[in-house]
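Using the sequences and the accompanying hints, generate a full structural model.
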Amino acid sequence: MLSHPGRRAALRAALRAAGLGVAGAAAAGITTGCGPGRPAAGPSSPPPGPARPAKPARAAAPAAPRRFAGQPVEIGHGPRDGGRVALTFHGNGEPALARAALAEAEKGGARVTVLAIGSWLDAHPDMARRILDGGHELGNHTQRHLAINDMAEAEAYAEITGCAQRLKRLTGSIGTWFRPSQTQYATPLVQKLAQRAGYPHVLSYDVDSLDFTSPGAAAVIRNVTGTIRPGSVVSLHFGYADTVDAMPPLLEELARRKLRAVTTTELLTP
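Residue numbering for the sequence shown is -28 to -1, 1 to 242, as defined by mature numbering (1 follows the signal peptide of the UniProt record, and there is no 0).
For the record, the hints were derived by calculation from the structure and aren't laboratory data.
Just so it is clear, CB atoms sit at the ideal spot from N, CA and C, and this is done for glycine as well.
Among the hints, erroneous ones may be present.
To be verified - Derived SDA-like pairs: lysine to any residue, alpha-carbon spacing no greater than 20 angstroms straight-line:
| no. | residue 1 | residue 2 |
| --- | --- | --- |
| 1 | Lys79 | Glu46 |
| 2 | Lys230 | Gly81 |
| 3 | Lys79 | Val45 |
| 4 | Lys140 | His96 |
| 5 | Lys164 | Gly42 |
| 6 | Lys230 | Gly80 |
| 7 | Lys79 | Pro220 |
| 8 | Lys230 | Gly54 |
| 9 | Lys164 | Val45 |
| 10 | Lys164 | Arg39 |
| 11 | Lys140 | Asp98 |
| 12 | Lys140 | Ala130 |
| 13 | Lys230 | Pro51 |
| 14 | Lys164 | Glu46 |
| 15 | Lys140 | Thr237 |
| 16 | Lys164 | Met123 |
| 17 | Lys79 | Ala213 |
| 18 | Lys140 | Ala169 |
| 19 | Lys79 | Arg101 |
| 20 | Lys230 | Glu78 |
| 21 | Lys164 | Phe40 |
| 22 | Lys140 | Arg52 |
| 23 | Lys164 | Ala119 |
| 24 | Lys79 | Leu69 |
| 25 | Lys164 | Ala130 |
| 26 | Lys164 | Gly134 |
| 27 | Lys164 | Gln137 |
| 28 | Lys79 | Arg229 |
| 29 | Lys230 | Arg52 |
| 30 | Lys79 | Gly211 |
| 31 | Lys79 | Pro67 |
| 32 | Lys164 | Ala126 |
| 33 | Lys140 | Gly170 |
| 34 | Lys230 | Pro242 |
| 35 | Lys79 | Asp94 |
To be verified - Derived Cβ-Cβ restraints for the label pairs, each shown as a range:
| no. | residue 1 | residue 2 | range |
| --- | --- | --- | --- |
| 36 | Thr241 | Pro97 | 24 to 34 angstroms |
| 37 | Lys164 | Gly188 | 20 to 30 angstroms |
| 38 | Pro172 | Arg141 | 18 to 28 angstroms |
| 39 | Val45 | Glu66 | 25 to 35 angstroms |
| 40 | Glu224 | Ala124 | 45 to 55 angstroms |
Right under this line is the structure:
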C-alpha cells in the first residue's frame, strides 16, 4: 500500500514527462481541501538563493502560539523573498500512514506543521509525541472537523477549545497554530474566537495539494509544484497513501528549486 523504489521511479518519470522540473501552470477552478473561500493575496518576489537542507531535531519542549508582528490575524503565506516553504498536514486518518508521511519528510530533511483533529488525538494520543519528537510542530484543527464557519458562537468556541484542551493535556501546550475546519478561510467570528482561545493568528494556506481526493501521487506533486513559490503554505493530509508516495519526489523537486520545507513558525521567523 505504501511507497517502494519502483513506484517512486515511475513517479519521477511521470513528472519529467509532465515538464517538472520546470514549474507547471495551476489548474483552473480547483476547490480547496477544507472548502472554498476568498482568494489569497500577496506580492510576488524574485526567486530565492541557495538554501541548506533542514535537519529534523527532537523537540526540546512543546511550543506555544506566538504573535508575529506585522502579520494579519489570518496568515495564508510567509515572506516571498526567502527560500523557505511550509508543508502543513491535517492530522487525521490511519496512524500508520501518518507515521509513514512523517518518516518520508524526515528522510528528506523537512520539518512540517501538523494541525491535529481533537477526536483523532483522543483515538491515537501517541501521535502527538511522535510529531513533536520528529522536530515538527503541532497545532489545532478543531475537535470534530465540522463546518466551523456555519456554527453558532458557543459551538464554534467549543470546537476550538476542545482540541486545545487535548493538546494541552498531551503536550503541555495548546499548540502552535489554529486552522479552521472545512474551510480555507475563517470568518471574522471564528478569528475572534481563536484569539479568545489563545491563538493570535489563524493559519490558512495558499497551495492546495488536493491529496484528499486521492488523485494519484503524480497529481499531488503537480498540484503543489504548479503553484508553490517562496513563502507558500501547502495544505496536505495524513491518511492517504498518495501523499506518502508523493513526499520523496516532491521534496526532491523543492530542493531542485532551492526551496526548503520548514515549520510554519520557522517560515515566519526572520
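### Query
Taking only the CA atoms, is the gap from lysine 164 to alanine 119 under or equal to 20 angstroms?
Distance of about 16 angstroms is within 20 angstroms: holds.
### Task
Hint says 20 to 30 angstroms; check whether the CB-CB distance for lysine 164 and glycine 188 agrees.
violated, 40 angstroms
### Task
Would you mind confirming whether the straight-line C-alpha gap from lysine 164 to methionine 123 stays at or under 20 angstroms?
Holds, at about 14 angstroms.
#### Entry: Hinted pair lysine 164 and arginine 39, Cα distance within 20 angstroms
holds, 14 angstroms
### Query
Between lysine 79 and valine 45, is the straight-line Cα distance small enough, at 20 angstroms or below?
Violated: lysine 79 and valine 45 sit about 33 angstroms apart, past 20 angstroms.
### Query
Can the suggested window of 45 to 55 angstroms be confirmed for the beta-carbon pair glutamate 224 and alanine 124?
holds, 46 angstroms
### Supplied distance hint 18 to 28 angstroms, evaluated on CB atoms of proline 172 and arginine 141
22 angstroms Cβ-Cβ, so the 18 to 28 angstroms window holds.
### Message
What's the verdict on lysine 79 and aspartate 94, does the C-alpha distance respect the 20 angstroms limit or exceed it?
### Response
Violated, at about 28 angstroms.
### Message
With the threshold set at 20 angstroms, check whether the alpha-carbon distance from lysine 140 to glycine 170 stays at or below it.
### Response
Within the cut-off at roughly 12 angstroms; holds.
#### Entry: Distance restraint between lysine 79 and arginine 229, which requires alpha-carbon spacing of 20 angstroms or less
holds, 18 angstroms
### Query
Between lysine 164 and glycine 134, does the CA-CA distance stay at or below 20 angstroms?
Answer holds: lysine 164 to glycine 134 is near 16 angstroms, not above 20 angstroms.
### Query
Does the structure keep lysine 140 and aspartate 98 at a Cα separation of 20 angstroms or less?
Since the Cα atoms of lysine 140 and aspartate 98 sit roughly 14 angstroms apart, the hinted pair holds (cutoff 20 angstroms).
Figure legend: structure checked against the earlier numbered hints; hints not met, in rising order: 1, 3, 22, 35 and 37.
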